[in-house]
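Undergrad: The listed protein sequences correspond, in order, to chains A and B.
Quick note: the first sequence uses the working numbering, first residue 408, plus one each step.
Quick note: the second sequence uses the working numbering, first residue -19, plus one each step.
Please note: incorrect hints may appear among the correct ones.
[What the hints assert, rightly or not] Derived pair list, reagent style SDA-like, types lysine to any residue, alpha-carbon separation capped at 25 Å:
1. B:K16 to A:Y432
2. B:K24 to A:G436
3. B:K32 to B:P87
4. B:K47 to A:I509
5. B:K16 to B:A52
6. B:K20 to A:T433
7. B:K21 to A:D462
8. B:K16 to A:G450
If you are wondering where the hints come from, they were derived from the structure by calculation, not from laboratory data.
Here the structure is a predicted model, which means the values were calculated and not measured.
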Amino acid sequence: GDSVTQMEGPVTLSEEAFLTINCTYTATGYPSLFWYVQYPGEGLQLLLKATKADDKGSNKGFEATYRKETTSFHLEKGSVQVSDSAVYFCALSERSSASKIIFGSGTRLSIRP
Amino acid sequence: DTAVSQTPKYLVTQMGNDKSIKCEQNLGHDTMYWYKQDSKKFLKIMFSYNNKELIINETVPNRFSPKSPDKAHLNLHINSLELGDSAVYFCASSPTGAPTGEQFFGPGTRLTVL
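Could you build all of it, start to finish, from the sequences and the hints given here?
TA: Right, dumping it as structure tokens:
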């Protein structure tokens, strides 16, 4: 079945450091790919998305490119801030009527001032 | 103007009790979901309803029963609560046939079973 694998955390960085969180997927079709973010004590929010190969999703300085050849959707940010501390989930959705999303296990990111 | 709301935010109860969690969305979406997030933050889908009809029912104990009185509401009733039911439960919604499959999440209900 479809699955998402992302790097295990926690990831701890200093402010202004470069961030990469790796994500790879397995899917039978052509899924949409997402990064969701969960800030402490809150629900998940969509951070960015890409719906087809070579699309780049971007938001709040974060970027991820849909790489079909490597089945990857790595999350990057050039300069992280303390406010980026959260749990990040990579996810995919097959375009079926059920609109089921499959989430990765989440990566906790902590940014030191 | 909350999009997806859940009540209560916190729920502490004894083993063996029956409890309900309510979810409402004002986005006009046709599809709603319940997810369970464990202590390690792993998210697992439990149920999905489309226009009040059950469309996803993952392997969940039958002590859990979703109820959708209308397409804007999806409630979760849990009978005979067990310690292992302690988790954060998230409601979500999405428009039917959304080409991208994006879902909108509520703030979560933290259930603690003592």
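Undergrad: Taking the hints in turn, state whether each one holds.
TA: Against the structure, the hints:
no.: 1; hint: B:K16 to A:Y432; verdict: 21 Å, holds
no.: 2; hint: B:K24 to A:G436; verdict: 21 Å, holds
no.: 3; hint: B:K32 to B:P87; verdict: 22 Å, holds
no.: 4; hint: B:K47 to A:I509; verdict: 23 Å, holds
no.: 5; hint: B:K16 to B:A52; verdict: 20 Å, holds
no.: 6; hint: B:K20 to A:T433; verdict: 22 Å, holds
no.: 7; hint: B:K21 to A:D462; verdict: 28 Å, violated
no.: 8; hint: B:K16 to A:G450; verdict: 12 Å, holds
In summary, the structure is inconsistent with hint 7 from the numbered list given earlier, while agreeing with all the others.
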